[in-house]
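Visitor: Sequence:
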Amino acid sequence: MDTHCETAATKVDEHTDLYMFETGQQILSYGDDSQFACKLVSGTAKVIRSGDVVATIVAGQYFGAIAALTGNRRAASVVASERCVVEQISKHKFRLLIQTEPQILEQIC
Numbered sequence: 001m002d003t004h005c006e007t008a009a010t011k012v013d014e015h016t017d018l019y020m021f022e023t024g025q026q027i028l029s030y031g032d033d034s035q036f037a038c039k040l041v042s043g044t045a046k047v048i049r050s051g052d053v054v055a056t057i058v059a060g061q062y063f064g065a066i067a068a069l070t071g072n073r074r075a076a077s078v079v080a081s082e083r084c085v086v087e088q089i090s091k092h093k094f095r096l097l098i099q100t101e102p103q104i105l106e107q108i109c
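For the sequence shown, counting from 1, position 96 maps to 96 in the numbering used here; every step adds exactly one.
Derived by calculation from the structure, the hints in this document are not laboratory data. Errors might be hidden in some of the hints.
As a list, the in silico EDC-like pairs of lysine to aspartate or glutamate whose alpha-carbon atoms are at most 20 Å apart [what the hints assert, rightly or not]:
| id | residue 1 | residue 2 |
| --- | --- | --- |
| 1 | Lys91 | Glu22 |
| 2 | Lys91 | Asp17 |
| 3 | Lys93 | Asp33 |
| 4 | Lys93 | Glu82 |
| 5 | Lys91 | Asp52 |
With beta-carbon atoms standing in for the labels, derived distance ranges [stated by the list, open to error]:
| id | residue 1 | residue 2 | range |
| --- | --- | --- | --- |
| 6 | Arg95 | Gly24 | 30 to 36 Å |
| 7 | Leu18 | Thr100 | 32 to 38 Å |
| 8 | Gly71 | Gly24 | 24 to 30 Å |
| 9 | Ser50 | Leu96 | 20 to 26 Å |
| 10 | Gln103 | Gln26 | 28 to 34 Å |
| 11 | Thr100 | Tyr30 | 16 to 22 Å |
| 12 | Glu101 | Thr70 | 14 to 20 Å |
| 13 | Thr56 | Asp17 | 21 to 27 Å |
| 14 | Gly24 | Thr100 | 21 to 27 Å |
| 15 | Pro102 | Leu18 | 22 to 28 Å |
| 16 | Arg83 | Gln103 | 14 to 20 Å |
| 17 | Met20 | Gln99 | 26 to 32 Å |
| 18 | Gln25 | Ala75 | 29 to 35 Å |
These figures come from a predicted structure and were not determined experimentally. Backbone N, C-alpha and C define an ideal beta-carbon position, used for all residues, glycine too.
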């Protein structure tokens, strides 16, 4: 990870809470209001849409950020494939952070 990304990740960490999810536990639910964005700290998770696994999330990846930024409802569910630690940042704080550190969007998109 280059210094630029490390700086951005540290700033996100200052505004987040850590949560642990066990295997099979739902992290995000399809159709829920988008109150936060997430970063997977450890473990793996699967993205499920219409009953199908459409993606796998690994440690270091952000997810749920687009819905948090747009205010749309969640477009998919995310389920822990194994024990996961997830950082959550409120959509309000995430939007403020993006305004001051727009390079964070490069890590998400």
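Visitor: Taking each numbered hint in turn, which are not upheld by the structure, reported in ascending numerical order?
Guide: Violated: hints 1, 4, 5, 7, 9, 11, 14, 16 and 18.
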